[in-house]
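Colleague: Residue numbers (this note's numbering), protein chains in the order written: chain Z, 1100 to 1373; chain F, 2 to 335.
Calculated directly from the structure, the hints in this document are not laboratory data.
We put the beta carbon where it would ideally sit given N, CA and C, even for glycine.
Possibly wrong hints are sitting among the right ones.
Incomplete in silico selection of chain Z near chain F, CB under 8 Å [to be verified]:
#, residue
1, HIS1184
2, ALA1187
3, LYS1199
4, LEU1201
5, ALA1202
6, LYS1203
7, GLU1208
8, LYS1211
9, GLY1213
10, GLN1217
11, GLY1219
12, PHE1222
13, GLU1235
14, ARG1274
Just a sample of chain Z residues kept apart from chain F, beta carbon distances all over 12 Å, derived [stated by the list, open to error]:
#, residue
15, ASP1111
16, THR1123
17, GLY1126
18, PRO1148
19, VAL1166
20, ASN1250
21, GLY1265
22, ALA1309
23, GLN1325
24, PRO1345
25, GLU1347
26, LYS1352
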Amino acid sequence: MTAVESASGALDTPIITATGVVKTFGGLRAVDVDKVEIRRNKITALIGPNGAGKTTFFNLLTGFDQVDSGTITLDGNDITGTPPHRLAEKGMVRTFQLTKALAKLSTIENMKLGALDQLGEKFWAALIPGAWAKQEREIEARADAILKRFNLTHMRDEFAGTMSGGQRKLLEMARALMTDPRVVMLDEPMAGVNPALAQSLLELIKMLPAEGRTVIFVEHNMDVVQEISDWVIVMAEGRIIAEGTPAEIKSNKAVVDAYLGAHHGEDLSKVQLS
Amino acid sequence: MDWGFIIERTFSAMIGPEVMIYALAAVGLNVHFGYTGLMNFGQVGFMAAGAYGVGVTVFWLNWSFWIGLVFVFVYAAVLALLLGIPTLRLRADYLGLVTIAASETIRLLARSRVMKPVTGGVEGIDKFAEPFYNLSPFELGKFYSFGPFKYLGRDVWVLMVGWTLLILVTLMVQQLMRSPWGRTLRAIREDEDAARALGKNAYFFKMQSLMLGGMIGALAGLIQVIQKSSVQADTFNPVITFTIWTILIIGGPGRVWSPIIGSSIYWSLIVFVENTLRQLPAGARDTLRDTVELSDFNIGMLRFMLVGGGLLLLARFRPQGIFGSREEMALDRR
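Same shape as in the complex, but just chain Z (with noise of 0.2 Å):
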C-alpha cells in the first residue's frame, strides 16, 4: 500500500462509518446500527418501510440529531454531535424531505446563500461592499452556472415561493452543490416530483460520483433505487436488516417480507395463519 492509497482520502476506504449508533425516543429504539460503511463516490440508497428509522438515521449522520451512544466518522474524523453548520463546512450536506425552498428569497439569492466561506457574512465586512463584492460576482456566477445544468435558470430572480413542488426539489439539490460538498445526503429527492422532472433530477445525481462526491439518499421508489443505486441499505425497525448491490437486494427474502408482508404472492386462503 502506498503513502496515497493508506491517507484517510484513499479511494477504497469508506468516506463515512457509523459505530453502534442507537437513538431511542421514549421507550422507542428508532435507530440501533452496528455498523455502516460509506462508500467513497458512489450512490448509496437508504430503503426501508415507514418508520423503519431512515430519516432518524439521516438526522444523527448530518448533526441535526443527536445520537444516544455510538460514534460516526467522516473521512476517519470522529464527528458525533458537530452541529449541522459545521458538518457543512466540512463538506457534508443535506436536503430535507420536506423541501425548504426560502420562499421570500430569490432563486438566485437561495444559490447564493449556499456558498461556504463568504466574507460578506462577517458583520463589520457586510458593510463595506468593497470587501465582498468581488468574491459575490465570483459567487453568483457558479450560482448561475449550477442553476443552467438544472435548468431553472428561466426562475433566477423569482421568488422561490413561486415554484412548483418539484422545480424546489431541484432548487434544493442544486443549493446544496453550493457548498461544493464531498457528501450529498437527499432525503427523498424524488418525493412529490412529477416524472418528467424526475427523470431529469435522476440524471443529476447519476453525475455526482464523477465530480467526487459521495450520494446518499433515502428513497420509497424502488425503480428509482435500482436505476440509480450502487449499493443499497435496508432498514426495518431501526436496523439494518440487509445491504448489497440493487440486483442483490431485490432478490433478498428478507427485504421484500419487510417491505411487502411475508406471504407476498400467495392466495391468503391457502396460508397457515399460527
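Based on the hints, put chain F in the right spot on chain Z.
Modeller: Relative to the frame of chain Z, chain F by itself:
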C-alpha cells in the same frame, strides 16, 4: 374650528420627536422581526437599557454624560446576550416570552426602592442632559418656524441630531441587508434548518441580529430621555413595545423605510384625531354628549380607538403594510 391650528400641529407631528424616536426603535425591531424573524416583544426593555445607560452613569457614578453614551450600547449588548443565550436555540416563541417579561422586570426593578440610589426610583433622574443641550446652536426656549413646522429651540436641536442618526442608522441597515450577512438573516427568517444545513451558524447570526436591533432600540431610548430631560421608569411600559410593533406593521416589516413612514403616519394620525376632537364645534359636542363626553381623558382614549379602527382597515385591505408586497405576502400561504 381652527383648521389652521390642527394642520400646523399635524404637520409638526409628522416629523416630530415622537416620530423620530419611535422610528428608530422600530428600525431595531425591523432588524429583529422584519429581517430575522425574531419575536421581540420587549423592545422597550432595550430603550430602557439605553436610557439608564446614560442616566445611571451620570446619576450614580457621577461620570460624564459622554461616557454614559458608551454604556448605552454596553447595556443593550449585555441585555441582548442575557435574553439570547437561553432562548435563541429554542423555538421562536420563547424569545417572545422572555423579552416581554424582561422588559417589565427592568421597569419594575428601576422604579423599586432598592434601586433608588442607582436609578432614582420612581422619581427618576433629571439634569443629566445639559452637556447635550449646551452644544445647541438654537435658543432652547425660543420657538422656531419652518414653513408649516413649528418647534421649540431645544426640540429643533434634538430633532436635528435625532433625524441625522435615524437616517444614518437606516442607511446602515439597508447596506447590511443587501450584503451576504443580511441574506443569511433573511434565510434564517424563512427556514432556520435550511440555513444550518448550508453551513450557517444560525444561533450566532440571530445573536448578532438581537444585539444590533437592541442597540438601535437603546439609541432610541437615549434620545427619548434626552428629549424629555428625564429618565422615568414608568415611561418604559409594554404599551411602547406594542406601539413600535404597530408602526412596523403599518410600514411593512422587512422594508428599510417602513419604520420611518409607519411612525410618521401613526403619530400624525394620533395628533390629527386628538386635535380635531378637541376643536369640535359646540353643536357637535352636544350631539355627542349622550354617547361620549369629550373630556381630555376621553379624547385621549378616543384617539387610540379611532386609530385602532384605521389599523383594522389596514389589516383588512393592505395586510402587507405600506411598503410590503402582496406577492410576498401570498407566498406565506402556499
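Colleague: Give a verdict on every hint.
Modeller: These are the hints, each one checked on the structure:
1. HIS1184: holds, 5 Å
2. ALA1187: holds, 3 Å
3. LYS1199: With Cβ-Cβ at 4 Å, under 8 Å, it holds.
4. LEU1201: holds, 4 Å
5. ALA1202: holds, 4 Å
6. LYS1203: Given a least distance of 5 Å, the restraint on LYS1203 (chain Z) holds.
7. GLU1208: It holds, given that the least Cβ distance between GLU1208 (chain Z) and chain F is near 6 Å, below 8 Å.
8. LYS1211: holds, 7 Å
9. GLY1213: Holds, because the Cβ-Cβ distance from GLY1213 (chain Z) to chain F comes to roughly 5 Å (cut-off 8 Å).
10. GLN1217: With a minimum Cβ separation of about 5 Å from chain F (threshold 8 Å), the hint on GLN1217 (chain Z) holds.
11. GLY1219: Since the shortest Cβ distance to chain F is 3 Å, the answer is holds.
12. PHE1222: Hint holds; PHE1222 (chain Z) Cβ to chain F Cβ min 6 Å, cut 8 Å.
13. GLU1235: holds, 7 Å
14. ARG1274: It holds, given that the least Cβ distance between ARG1274 (chain Z) and chain F is near 7 Å, below 8 Å.
15. ASP1111: Consistent with the label, ASP1111 (chain Z) stays out of reach of chain F, its closest Cβ about 28 Å off (over 12 Å).
16. THR1123: holds, 22 Å
17. GLY1126: Correct as stated: the minimum Cβ-Cβ distance to chain F is 25 Å, above 12 Å.
18. PRO1148: holds, 25 Å
19. VAL1166: At about 18 Å from chain F, VAL1166 (chain Z) clears the 12 Å cut-off, so the statement holds.
20. ASN1250: holds, 21 Å
21. GLY1265: holds, 14 Å
22. ALA1309: Since the minimum Cβ distance to chain F is about 23 Å, ALA1309 (chain Z) lies beyond 12 Å and the statement holds.
23. GLN1325: Holds, because the least Cβ-Cβ distance between GLN1325 (chain Z) and chain F comes to about 28 Å, which exceeds 12 Å.
24. PRO1345: Correct as stated: the minimum Cβ-Cβ distance to chain F is 28 Å, above 12 Å.
25. GLU1347: Label holds. Min Cβ-Cβ 32 Å, cutoff 12 Å.
26. LYS1352: Non-interface label stands for LYS1352 (chain Z): nearest chain F Cβ at 37 Å, farther than 12 Å.
The earlier numbered hints are all upheld by this structure, with none contradicted.
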